[in-house]
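*Asks:* These are the residues of each chain, in order.
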Amino acid sequence: MTTIMPKRRKDKVDELAKAAGTSLTAQAFKRMRRSPVAITGAVIVALFLLMAIFAPLLTPKDPYFRYPELFTIKTPNFIPGSMPGFLFGSDEFGRDFFSRVLVASQQTLLVGVLATLIGLSIGMVIGGLAGAFGGWVDTVLMRLVDVMLSVPSLLLAISIAALAAQPSQWTVIIAVSIVTVPIFARLLRGAMLAQRSSDHVLAATAVGIRRRTIVLRHMLPNSMGPVLVQATLTLATAILEAAALSFLGLGDPDTDRAEWGLMLANAQRYLEVRPELAFYPAIAIIIVALGFTLLGESMREALDPKNRR
Amino acid sequence: MALLEVRDLSVVFQRKGEKPFTAVDGVSFDVDPGQTVGLVGESGCGKSVTSLAIMGLLPRRGNRVGGTATFEGTNLLSLSDNQMRERRGRDLGMVFQDPLSSLNPVISIGLQVTEVLQRHRGMKGDAAKRKAAELLDKVGIPDPTRRLSEYPHQLSGGMRQRALIAIALACAPRLLIADEPTTALDVTIQAQILSLLKELVTDTGTALVMITHDLGVVAGLCDEVNVLYGGKIVERAERHALFNHARHPYTHGLLGSIPRLDAPKGEKLVPIKGSVSDNIPWDNGCAFAPRCPNAIDDCRQTMPVLETDGPGQLRCHNPVELADAVREGAR
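First to last, the sequence lines map onto chains A and B. Okay, so the first sequence: first residue is 1 according to full-length UniProt numbering, each after it adds one. Okay, so the second sequence: first residue is 1 according to full-length UniProt numbering, each after it adds one.
Check before you lean on any hint, since a few could be wrong.
[As the list claims (entries may be wrong)] In silico contact screen, one side only, chain A against chain B (beta carbon under 7 Å); selected entries:
id: 1; residue: His200
id: 2; residue: Ile209
id: 3; residue: Asn222
To be clear, the hints were calculated from the coordinates, so they are not data collected in a lab. Since this is a predicted model, take the numbers as computed values, not measurements. Positions of the beta carbon are idealized from the N, C-alpha and C atoms, including for glycine.
Please work from the sequences and hints to get the whole structure.
*Replies:* Okay, here's the thing in structure tokens:
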């Protein structure tokens, strides 16, 4: 006798059967492809990357050239608005604002990626050592990390940037990366500690594999998932914090350089005349940070074994 | 001299502010080359802890290990961490309970086999790969060369356990400890894995310590059986003797609780009442006394000692009468 299953139950069974043969990562990827949030995030990130990489080709005008023909009306505090050829109008020096917003994406990408990479590397070394050795090494390193965590991240970044003798984009990068170190260190340590007591590490120990090999080949690769997801999320905060530091005047003082945070700071003075000058870079920052956050969050959700459906 | 002589092994778990817990309490047994010795008992009787202690795999903190485990003249328990690391995989192999989690999910089966060969035999590159394929073939994995580049999730449960056996036997250790190797597998695969283990052991002369709660496994595989209860060996017997006339009420109970195909229709299984936690410390009598149908006053006052009983050994004040045991066993 055969029983007929309701269609929905049957679909679920088929799905489970299919899932049984695939790895967690493959499943997570499949789940992400179905999630509109993940797709939105991925599209924003992809557009941003394309924009940053091809910015020099995409700009309709030279972003650094001061166009004299824009200032036909000689009134103080006059800034030309949108007009044919100059989509977003110009800034106070007569430079094409649209081109500058485009080019600034390069700076944002550079600072965001470098700060995240530096923070990730230092955090992984600290977290990896703590997780691999445990004991007093773990205690000392983690107390150090706790101290770093106890200071609010933006405040810490401002202090580090303010301490630098010569403000430049590197002070911003270093300040933002140091702020991200404790998060990566804690995540990796936690994942490594979980791996230490896992069955496959015990099995590798039971055939006499060296401790170094166990850490590098068996524990580390299995602990990387949450760290990489966090790196995507950190990109968003790194971009926001870098913009905040430039806004506060702690970044590169060179006024020629196009940078969203700096553009926002300069726009303050002309808010009554041309509020758009603040509007465009602000929207750009928000959309890019949102894109990375959506992508990172949906990755975290998809990789979380608790959310397995 | 036996290959492995375990004498008076004890493991005490101690946590700060808590009462110490004796998981293994004076266990002694011998394993000869080519011999299969079973350690049998229900959950929590100390069988896995015994094997981890011999392999030096217990956590470094929170426990005290006493006694000796002499392997070819050296006491394994006195070796340093690094010395043990040299021996594990080369002289001593171990197969674990859960094949699903005992393989590293992110690296290929091939690398997991070759890393052992490289560690202990110094084999590299193609030589190691050829040897690995040979090993997978020996444990009955079809198309071994292709399997080398596959990942654990691409293999079935039985295949994974075969791969783990291949890894454990890669460097031809003289002693293999199998800790419930078939518990996580379904019954048909269990039989295959057991016959594979038996075959490999007979072919290579490897000694096997089989840890299990399943008396069916014991019946098919072991030459000698040690029954553990509460961290102590309560009965030691040759396999046929154990099945034909178990003397200890606990062993007797274990046998009575197995379903048998040849049992008369309608006959009920006889469970052992209570659970392992219903015991009393050995110093005040027999730990099994609260659950024992044969318990007499003596059992609650003095600790029984392991005494020679015919060909085997027995720790009991009031064992099942030989005549009854034979009748029951022949049923």
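*Asks:* Taking the least C-beta to C-beta distance, is Ile209(A) closer than 7 Å to chain B?
*Replies:* 6 Å, holds
*Asks:* Minimum Cβ distance from His200(A) to chain B below 7 Å?
*Replies:* Hint on His200(A): holds, closest Cβ of chain B at ~5 Å, below 7 Å.
*Asks:* Against chain B, run the beta carbon of Asn222(A) and see if the smallest gap drops under 7 Å.
*Replies:* 6 Å, holds
In terms of the numbered hints stated before, the structure departs from none.
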